[in-house]
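Enquirer: Produce the complete structure using the sequences and hints provided.
Protein chains in written order, with this note's numbering: chain A, 1 to 417; chain B, 1 to 356.
Simulated from the structure, these hints should not be mistaken for laboratory data.
Owing to the predicted nature of the structure, the values given are computational and were not obtained by experimental measurement.
Where a beta carbon is used, it is the ideal one built from N, C-alpha and C, also for glycine.
Take the hints with a grain of salt, since some may be wrong.
Capping the alpha-carbon separation at 30 Å, the derived lysine-lysine pairs in DSBU-like fashion look like this [claimed, not checked]:
1) K127(B) with K272(A)
2) K187(B) with K184(A)
3) K207(A) with K127(B)
4) K253(A) with K187(B)
5) K263(B) with K402(A)
6) K182(A) with K253(A)
7) K351(A) with K289(A)
Coverage of chain B stretches by chain A, computed from C-beta distances (three or more under 8 Å per stretch; other residues unrestricted) [said to hold, decoys possible]:
8) 101-109
9) 209-218
10) 283-290
11) 319-327
Using C-beta positions, here's what the derived DEER-type ranges look like [claimed, not checked]:
12) G255(A) with G240(B): 49 to 55 Å
13) V196(B) with A172(A): 32 to 38 Å
14) V196(B) with D69(A): 23 to 29 Å
15) K361(A) with V196(B): 37 to 43 Å
16) F194(B) with K361(A): 29 to 35 Å
17) W286(B) with D77(A): 20 to 26 Å
18) A80(B) with N60(A): 40 to 46 Å
19) T367(A) with A80(B): 53 to 59 Å
20) D77(A) with Y75(B): 37 to 43 Å
21) G34(A) with F76(B): 43 to 49 Å
22) A80(B) with E76(A): 30 to 36 Å
23) V87(B) with K361(A): 53 to 59 Å
24) V344(B) with N60(A): 55 to 61 Å
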Amino acid sequence: MYKKQLLMALVAAISLSACSEKNAATATTTDANGVTKIVIWEQMEPEGEKVFKATVAQFNQANPKIQVDVVHYPNEDLRTNFQNAALTGAGPDLVYGPTDTIGIFHTSDLIQPVEGFIDQATLASLDQKALAAGNVDNKTYMLPDINGNQIAMVYNKKLVSTPPTTWADFVAVTSKLQDPSKKKFGFAYFEKEPYWFVGFYQGFGGKLLDANNAPTLDNPAMVSALQFAYDIQAKYHLGFKGMDYDQTHELFKSGNIGIILNGSWSWQDYVKSGINLGVAPMAALPNGKTPIFLSSTKGFMINKNDAVTAKKAAINQFFAFDLSPDNNAKYAISQSQLPTVTAALELPSVKNDALIQASIKSMQYTTPMPIAPQLRAVWDAIRPNLDAVINGQMSPADASKKIQQDAIQGINTIQGK
Amino acid sequence: MKKMSLINEICLLASIFIVLNVLFTTTETSIFNAGATGSIIATILSAILSFSLFITMRKKQMGKSNTHNWAAPYYFMLPAVLVLVLVVAFPLIYGFYLSMTNMSLSSFRNPQLIWFNNYVAVFSDPKLISTVLRTLIWTGINVFCHVAIGLLLAIQLNRRLPGKAFFRLLLIIPWAIPQYVAIATWKGMFNESFGVINTLLQHIGVNPIAWLGNPNDTFIASILTNIWLGFPFMMMIALGGLQSISRDIYEAADIDGISAWKKFTHITLPLLKPVMIPAIVLGSVWTFNMVNVILIFAGSQGGDGSQILVTQVYRLAFSFYRYGFAAAYSVIIFILLLVFSLVVVRKSGVLKEGEL
Chain A
1 MYKKQLLMAL VAAISLSACS EKNAATATTT DANGVTKIVI WEQMEPEGEK VFKATVAQFN
61 QANPKIQVDV VHYPNEDLRT NFQNAALTGA GPDLVYGPTD TIGIFHTSDL IQPVEGFIDQ
121 ATLASLDQKA LAAGNVDNKT YMLPDINGNQ IAMVYNKKLV STPPTTWADF VAVTSKLQDP
181 SKKKFGFAYF EKEPYWFVGF YQGFGGKLLD ANNAPTLDNP AMVSALQFAY DIQAKYHLGF
241 KGMDYDQTHE LFKSGNIGII LNGSWSWQDY VKSGINLGVA PMAALPNGKT PIFLSSTKGF
301 MINKNDAVTA KKAAINQFFA FDLSPDNNAK YAISQSQLPT VTAALELPSV KNDALIQASI
361 KSMQYTTPMP IAPQLRAVWD AIRPNLDAVI NGQMSPADAS KKIQQDAIQG INTIQGK
Chain B
1 MKKMSLINEI CLLASIFIVL NVLFTTTETS IFNAGATGSI IATILSAILS FSLFITMRKK
61 QMGKSNTHNW AAPYYFMLPA VLVLVLVVAF PLIYGFYLSM TNMSLSSFRN PQLIWFNNYV
121 AVFSDPKLIS TVLRTLIWTG INVFCHVAIG LLLAIQLNRR LPGKAFFRLL LIIPWAIPQY
181 VAIATWKGMF NESFGVINTL LQHIGVNPIA WLGNPNDTFI ASILTNIWLG FPFMMMIALG
241 GLQSISRDIY EAADIDGISA WKKFTHITLP LLKPVMIPAI VLGSVWTFNM VNVILIFAGS
301 QGGDGSQILV TQVYRLAFSF YRYGFAAAYS VIIFILLLVF SLVVVRKSGV LKEGEL
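Expert: Written out as structure tokens, the structure is:
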């Protein structure tokens, strides 16, 4: 007696197979007016986003048959949203972000190599080292447009006339400015964030991962770095308890901190706040070695979906415009980071930009950020144990062991072991 | 035709609904591996077909003489049912399916069915017991304080009090402020160097506490914040319940010389029970699943020491990319809370007719 309904159900199930995603994937990539739409998801800093959107607007005007749309997401949301969207066969054509997301997207099989997609002329115009920063398994997965993202010593020239180069000088200069009762501090930084801490660790001779992406975190370098992080407040009486990013950033902007460690993404903000800004490599550690921070390129990754491959010509046309020396220089200057187009590095606007030149100097004391997804487990392992050491709840030696154990456990969790 | 009970009919139709969706897994528009549009169309169609089967079966059960008007309420319910299917049933089914796959970073596009392996892994997780204990402590302390503070304030607000409307407005503020803003503000207040909490503590001679500097203190700070966020809800529920209690009962108690405490325990509490028990069940479920406070205080990359079950699920999914494993955790949390709710509601008897 329910034959009619069951028959309807079967017909629906079979007929729906006709509206499959495969059919959607082979659908045309142009709309009714013959316009090809390119969607870019990005997590750019506000200043950079302004410059990039202006470039996109110029491109759209000059190329009426191609429409580029830009959508902004915060960093973590961008990663999650792209993974979710790409899984359902949707998502943007291009994703903009730093190199550390390559590992995640590549392992999830969501992005495709730039070789064979991007025109050879565009690839050849880029700094080859910056291009190689996006390599995984001998293929490149990112088209970089800026290079840097590194931590450096940023100082207020009104309070610190000459950047210190030795640790003794550093302590001497910053101690004079330290007056917690007036909320004035000689030195501050985001003390519990591994991205900052790793500069000290590498300065003491440590490495994050070995050639097989296994963590190498339990060693004398880690013990020294943790001891140093503890000593900044406990022994040298610099900074203040609970230093986090927002507090240190705002206190520096308001002229209450002499020296801060912060990334190149923040420098323009300080300039806009009226700080007479200086940037230099961080002063040497007590062992005489300069801290080695991480650097990374940022750029575009290409969604692996078939529909994107069909837009190859339009996407190449966009990149030929966006990665012209002038446009690349404009964007890089807004971010105080190095342009990746080789010709842009020679432009007067870049050569005369004090912050970019300072960035070039501080880049000498960086190593490229590892792309491996295992890095997430390393950050997760360092963070709480570094916290415990700074608060005096764990010795550096114990923390060093625990960091290594936690990192291995985290990597096993990621790999499902 | 043999008559079927309503429950049996619903179970049959739920099975038909699932079978229809499973049928779609063999096509390109599988709800488990398809675009969003295909999934939604498949789910809606399955729901409509199942629903129309239900109407037909009911018609047959009720006989020809009773066919023409009784179906109208069901048709009016259909849009709401469809929405519930889309936002409740579909995510539940998909979550359960996901929990039986190995979906992770390395098997993101093509996860394989591994059946109950994830559940075995959950129960073998060495962190499970500590996380469950921490979650129970979190829920117990929060709910107790929400109810105690809420009830106390409701009793005060139920009296003749000058400026009552003003106090009621003031006490609703924690509920009215967007949660993220409130939690971020509290995080600033707990700052070790500049936070107002430590400033006040120092004024009374207590050393500043590194509230966000270690898992235990972060956990305590999270509890204090969540108590502040949660008491207005219990206060409003209790106030509504108190206002429905007739004053005659209290007057009769006064005439009999009953003490205030006895009035509270023998009149107020029993008469509030039908209102408070469902609120406590709701509050317990919400508190058990409260992600925001701990996520903002400890961060998604914080250590294990301050995580509860749901934040651990969040970390597993979005920091370690173990989607299938995290889904298994979620299903277990769902079952725990379902059993808890059913047991409490059944034992308290609040949903029995004629309780009062």
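Enquirer: Against each hint, give a clear statement of whether it holds in the structure.
Expert: Tested hints:
Restraint check: the Cα-Cα separation between K127(B) and K272(A) comes to about 47 Å, which exceeds 30 Å; the hinted pair is violated. A hinted pair counts as satisfied when its Cα atoms are at most 30 Å apart, and K187(B) with K184(A) qualifies at roughly 22 Å. Between K207(A) and K127(B) the CA atoms are separated by roughly 29 Å; this keeps the pair inside 30 Å, and the hint holds. Proximity of K253(A) to K187(B) is assessed by CA-CA distance (about 21 Å); at most 30 Å being required, the pair is judged to hold.
Between the alpha carbons of K263(B) and K402(A) the distance comes to roughly 57 Å, so the proposed pair goes past 30 Å and is violated. Proposed proximity of K182(A) and K253(A) is supported: the alpha carbons are some 16 Å apart, at most 30 Å. For the proposed pair K351(A) and K289(A), the alpha carbon gap of about 28 Å is at most 30 Å, so the pair holds. Coverage of the stretch 101-109 of chain B by chain A holds [criterion: at least 3 residues with CB-CB distance below 8 Å; count 6].
Counting residues of the stretch 209-218 of chain B whose CB lies closer than 8 Å to any CB of chain A gives 5, so the stated coverage by that chain holds, three being the minimum. Coverage of the stretch 283-290 of chain B by chain A is violated in this model, with 0 residues showing a Cβ closer than 8 Å to a Cβ of that chain against a need of three. Counting residues of the stretch 319-327 of chain B whose beta carbon lies closer than 8 Å to any beta carbon of chain A gives 5, which meets the minimum of three for the stated coverage. Distance hint check for G255(A) and G240(B): the Cβ-Cβ separation is about 53 Å, which falls inside the suggested range of 49 to 55 Å.
In this structure the supplied range 32 to 38 Å holds for V196(B) paired with A172(A), their Cβ-Cβ distance being about 34 Å. The given range of 23 to 29 Å is broken by V196(B) and D69(A), whose C-beta atoms sit roughly 44 Å from each other. The supplied range of 37 to 43 Å is met by K361(A) and V196(B), whose beta-carbon atoms lie about 42 Å from each other. In this structure the hint that F194(B) and K361(A) lie 29 to 35 Å apart at CB holds, the actual value being about 34 Å.
Against the hinted window of 20 to 26 Å, the Cβ-Cβ separation of W286(B) and D77(A) comes to about 24 Å, which satisfies the hint. For A80(B) and N60(A), the hinted distance range of 40 to 46 Å is satisfied, since their beta carbons lie about 43 Å from each other. Look at T367(A) against A80(B): about 58 Å separates their beta carbons, and that is inside 53 to 59 Å. Our hint of 37 to 43 Å for D77(A) and Y75(B) holds, since their Cβ atoms are close to 40 Å apart.
Our hint of 43 to 49 Å for G34(A) and F76(B) holds, since their Cβ atoms are close to 46 Å apart. Restraint check, A80(B) to E76(A): a C-beta distance of roughly 34 Å satisfies the suggested window 30 to 36 Å. Between V87(B) and K361(A) the CB atoms are about 55 Å apart, so this pair conforms to the stated range of 53 to 59 Å. Between V344(B) and N60(A), the C-beta spacing of about 59 Å keeps the proposed range 55 to 61 Å intact.
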